[in-house]
Structure formats: structure tokens, C-alpha cells
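Number of protein chains: 2
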Amino acid sequence: MNTQPHDHIVKSYDEERQRLIGEILRMGEMAAAQLEAALDVVDRRDDKAAARIIANDEAIDALEHVVSQDVMKLALRGPMARDLREILAALRISADIERIGDYAANVAKRSTALNLSPPLPLTRGLNAIGQLAVTQIRDVLQAYRDNDAEAAQRVRAKDAEIDTLYTGLFRELLTYMMEDARAITPCTHLLFMAKNIERIGDHATNIAENIWFLVHGDDALPPREKRDGTNTATTP
Amino acid sequence: MNTQPHDHIVKSYDEERQRLIGEILRMGEMAAAQLEAALDVVDRRDDKAAARIIANDEAIDALEHVVSQDVMKLALRGPMARDLREILAALRISADIERIGDYAANVAKRSTALNLSPPLPLTRGLNAIGQLAVTQIRDVLQAYRDNDAEAAQRVRAKDAEIDTLYTGLFRELLTYMMEDARAITPCTHLLFMAKNIERIGDHATNIAENIWFLVHGDDALPPREKRDGTNTATTP
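Residue numbers (our numbering), protein chains in the order written: chain A, 1 to 236; chain B, 1 to 236.
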């Protein structure tokens, strides 16, 4: 019945490849769930749940390590050019997911600092950007699973929405700080949390660009607008 | 006289490898010089020079692209396990250098926003952290060139100094903002600039860890302390 006597030991290149993609998708879903949990924790002001999210980040880091190992195993099989592009994309995408996980853990970490001050209404603005980022992560992972460069391109285009929301929130926070000195410390944490989420959006965009590279090779990407204006923002 | 007739077309594996390392070192020195220039521009309040630094970042991005291409060429030669580790480290280190370049450009970008407000004394604190980060980048590049895991380990240990300075500056900036509402906007830019530099320190640490991996494989790294306490900082 067993036509390939060693298939339980030596897996085919394609099986290993599928496993690698599966690991990356799992890693990505973990990062999306971490961000979702972190946003929830900000709303509920739950320090214990925040601590769990921070601890969970290690599992994502461990998976990135596994991906690197598997990439090395695949590369040792002396792959062709197209396979190598896939391997390179896998490495980069897993690194981006690892960073997304870091940023999500950071949002959770700062939420505990936020809980030392009275609740601020502006956490709702943060949640809106955060939910958009969660959707971006899930959409780009689906594009990766489906090898769909057009879907990836849509994720990339949508990043401008996160940037616009971020810029608005940034300015709102500044006025808030100017009106009430007691709000400065919590608002500073919110500024960094918003920045973390904006960076998560950038990493989703990086993943989208790697999917493009995977499908089209080094063909030039269509141009994209970038709307984060806070680097040069002045007092509104 | 020419003993290897095709050496001008087909380079040896070792020659290609040396070229790759040379590209990464060049890229790293560019990033260190960018950070140095950005710190200088903050002091001199020179918007034109800031614009040049921002434009220069493209050259670093272009070099990362070249490194990726060269890594793929090397991987196609069907390398051995130790070579693969070198290739993997090269990819990761060049990605870290690319991020350092981004952060340096960001410091330059925010300096132009800072110049819209009157000068702040706290830019000196920023410069001190920045100079430390420049040294860290140069030291870790030298460790990479020399394949010196012990030197890399020293860079990694020294990152705690940057974190300590960053935490101090962060708290200082907060009190400043509370004393004078007009300082809030420029201090917010300084907060992000300080954070950019703190992140540069983290990337130098990542590079150090990849040098360790390069030399020792997956042997566990010695533990390291992490002193950035601002994630949970409260009003001093």
C-alpha cells in the first residue's frame, strides 16, 4: 500500500513548502489575534489580560525561529530561482509578522501605564485605527495564502486610510495635552500606541509588497500615496 | 598570465561572498553617517541639510535590494549549511541596517518640524543618545567584518546604556511639557526622535545577535538586561 517507502522521513519539496506557508499563516493569525486582544484590553483596562498578551508574544517569536530553520532546510535542497523567491519572501514576511507581534505586545504594555490615569475618551479613536489594522493583517495573509498580487495591492492602497486616521488622532491628542497638563502622560502613551498601530499598517504593506514580488518578480510596483503627515505636523 | 580564463565572468563563491559582506558594510556605514548627519542637523536647525538626508535614504534602500539579489545568486549555487547561515545572517543584517537608515531619516524629518518652534535645551540630551547609537552601529559593523562574536556581545550589553538615557530623556520631556503648554508640540517631536534612536540601538543589538548566530549557530545567547522603562512610565 505504501508506494513511497520513505515518505514519513523524507518529505517532498512541495510538502515542506506547504508546511512553511502554513507556519507563516499561523504566525500571522496569532499576530492579528494579539492586536485584537490588545485593543480589547485598552477598552477594558484589564492589566492581567495585558500581561498575558505580552507573554504570548514569545510564541510568535518562537514560530519565526521555526520558519527560519525550515527556510534553511529548503534552501539546502538547491532550489530553482522561482523557489528561492518564495523562500526569500517567506523569510521577509515572517520577519514582518514578528514585528507586528512586537507592536501588538507594546500596545498591551502601554495600556497598563494608561490604566494608572483616569479613562480618556480618545481611546475610541485608537480602537478605530486598530480595527483597521487587524483587517489589513487578515487581508494580506489571505492574499499570501491565495498567491493573489491584486488583493495584496488593495491592502497596500488601503494603508493610506490608517495613515489619515493616525494623523487625525495625533493632532487631537496634541490639543488635548495643551488643554490639560494632567492629560500629558496618558496622551503620550496613546501617541506611542497610535504610532505602534500605524507601524503595524506599514508592516502589512511590506507583506503586500513581498506578495507582489513573489508573483511578479522584480517588476516595478505601481506607485502608492503615503499620508502620515505627523512627522512634520505643527500645532493645529 | 591569466590562469583562470573565465574569472572575469564567473566569480568564485568566496569572491561573491566577500562582495556581499562589503556591500553590507558599506550600507552600514551609510546608515551610521546618516544618523550622524541627522543629529548635526538637529543642532544646526538646517532644513536644507535635513532634506538631503531624507533623500539619501533611498541609496540605502537600493543597496538592500542589491544585497537581496546577491544573496539569491549565492543561494542558487547550492551552498552548505554554514554558508547558508552566513546568507541568512546577511539578509537579516541588511534588513536591520535598512531600518536604521529609515530611523535616521525620520530624525531628520522631525528636525524640520522642530525648527518651527523656538530652540529647546533638551536637544542636547537627544544628541548624547544619538552619538552613543552611532558608536554602537560602527562597533557592530566592525564585529561583523571581523566575525567577532565577543565584540558583538559587548555591543549588545551596551544597549542598556541607550535605554537608560532614553528613559531619562523621556521623563525630562514629560515634565517640560507639563510646565509649558507651548512646549508640547516640539517635545512630542523630540519624544519620537528619542524613540527612533532607541530603536536604532535595538537594531544594532539585532545585528549583534545575528553575528553571534553566524559564529556559534543556534547556541543560546547569554542573558541581557533591558532597561527601557518608558512603556510603563508614569508622571515623575
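Hints are computed from structural coordinates only; laboratory data are not their basis. Check the hints yourself; a few may be wrong.
Repeated chains share a single entry, so a pair holds when one copy, or any two copies, can fit it.
[What the hints assert, rightly or not] Lysine-lysine pairs mimicking BS3-like chemistry, simulated, CA-CA at most 30 Å apart: (1) K158 <-> K195; (2) K48 <-> K195; (3) K48 <-> K73; (4) K11 <-> K158; (5) K158 <-> K73; (6) K73 <-> K195; (7) K195 <-> K11; (8) K11 <-> K48.
These figures come from a predicted structure and were not determined experimentally.
Checklist entry - Okay, which hints does this one fail, numbers in order? => result 3, 4, 5, 6, 7, 8
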